[in-house]
Amino acid sequence: MKKIFLLALILFGAKLNAFSQELYVFTEPASNMPTKSIGVRITNEGMFNYPGYVSRTIPEVMFGFNKNLMAHAQAFLSDMDGKYRLEGGSLYAKYRFLSVDDTHSHFRASAFGRLSTSKRPTYTRDINLEGDNSGLQGGLIFTQLLHKLALSATLGYAHAFDNQSRQVAGMPRPNNMLSYSLSSGYLVLPVAYTDYKQPNFNVYLELLGKTDPSSGQSYLDIAPAIQMILNSKTRIDLGYRFQATGNLEGRYTKNMYLLRAEFNFFNILK
Amino acid sequence: MLFFAAQVSAQKITSADLQVNGLTCSMCSNATQKSLETLGFISSVKPDLNRNIFVLTFKKDADINLDLIRKKVQDAGFSLGGLTANFNFNQLKIDDKGQAVVDGNVYRFINAKNKTLNGTVKASVVDKNFISGTEFKKQAATANSDAYTSGTGIVNGKKTRIYHLSIS
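Here the protein sequences come in this chain order: S and U. The opening position of the first sequence corresponds to residue 42 in this note's numbering, with each subsequent residue numbered one higher. The opening position of the second sequence corresponds to residue 22 in this note's numbering, with each subsequent residue numbered one higher.
Treat the hints loosely; a few may be bogus.
Some but not every residue of chain S turned toward chain U, in silico, with C-beta under 8 Å [what the hints assert, rightly or not]:
#, residue
1, 101
2, 143
3, 307
None of these hints come from the bench; they were simulated from the model. We treat Cβ as the ideally placed atom computed from N, Cα and C, and that holds for glycine.
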């Protein structure tokens, strides 16, 4: 696992000739969305070997309250337990508490919190507060833009609410989960900006890991993604997360694709 | 004479070049543009997307508030790298401290004193959050003035916003 991190760091460091981009697909940057703006997302996640094909749809609304505070509200729908149904929802808030901006660099730090509910049965130690578990999460995000390199690190700690009625007998029970990630993104096109109608094309590489502190079981995913930005307000993401290493049994979001459309409405809140 | 007085109160800043830091995509620039366009005293915002510069033109006779421009950029999630404006001065007398007052706006020039300015003068705002953090620290160390560090000072017995300008 350490070797993968090291390799990724070298890869991140070597790609200095591209422009940086921090609109990550699988994680959130420390930067916030603009004040008085609303974003609407529709995300589709799917796994082909669940054993069969299953997918989850996540409608999401995002609000920029002021330059430091933003929030997301999500709903989760999936066919993971048979019929396609509404599983639950989640509220996420992010507060930017540090900004050190300079001409060619910035460093931002944010704290985030999440509160989630889910009707799904629990049968693994893994915790996924985006659909699979009810629980709480808190964490920190650090994003550094240095010339043409943008790196972001997220550290989170999640606690799943105790739920006897949904626990599958004889299966591992979720309790606490440490999560961590390292993300990097690059602007590929356009080489020269002329107007807002030009499509942007971005590529991302993210490392997403979790460790269960009680059992020591963990996993690490490598998640590449591509992104298009249209008309400077619509964003299309397509990514896939591969498990690189791990021994967390029955984990969620293993070898999963993600497809998302995001629509931004700037300055519409009063 | 009356006509002359009307001329004096006419628009003091005609246009400004706004350098914005931290913009990494056209969506960021678009958000900044939309944020700036909410200001009533701005007539147009023209972006130079490659250089992250917005050229602002102002409405005639409007009260132009430079702090609001800074706030709108910060609201969009970014920061100012520089603001250079075209000021229209009419026989503006700068005193021995480099200070001058125009229509209630107090300006302190860091590179001019005991001088009269007339016509279009290009000057940059060098106050906190109008330039990068490291540049501000450098300026603050050489200026060694409370008014510069805080951006305010006592003018005619009242605490007043003082804009620090550097003539380019």
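Each hint tested on the structure:
1. The restraint placing residue 101 of chain S at the interface with chain U is violated, with a minimum CB-CB distance near 17 Å, outside the 8 Å limit.
2. Taking 8 Å as the C-beta cut-off, the interface hint given for residue 143 of chain S holds, the closest approach to chain U being about 5 Å.
3. With a cut of 8 Å, the hint placing residue 307 of chain S at the interface with chain U holds, because the nearest CB-to-CB distance is about 4 Å.
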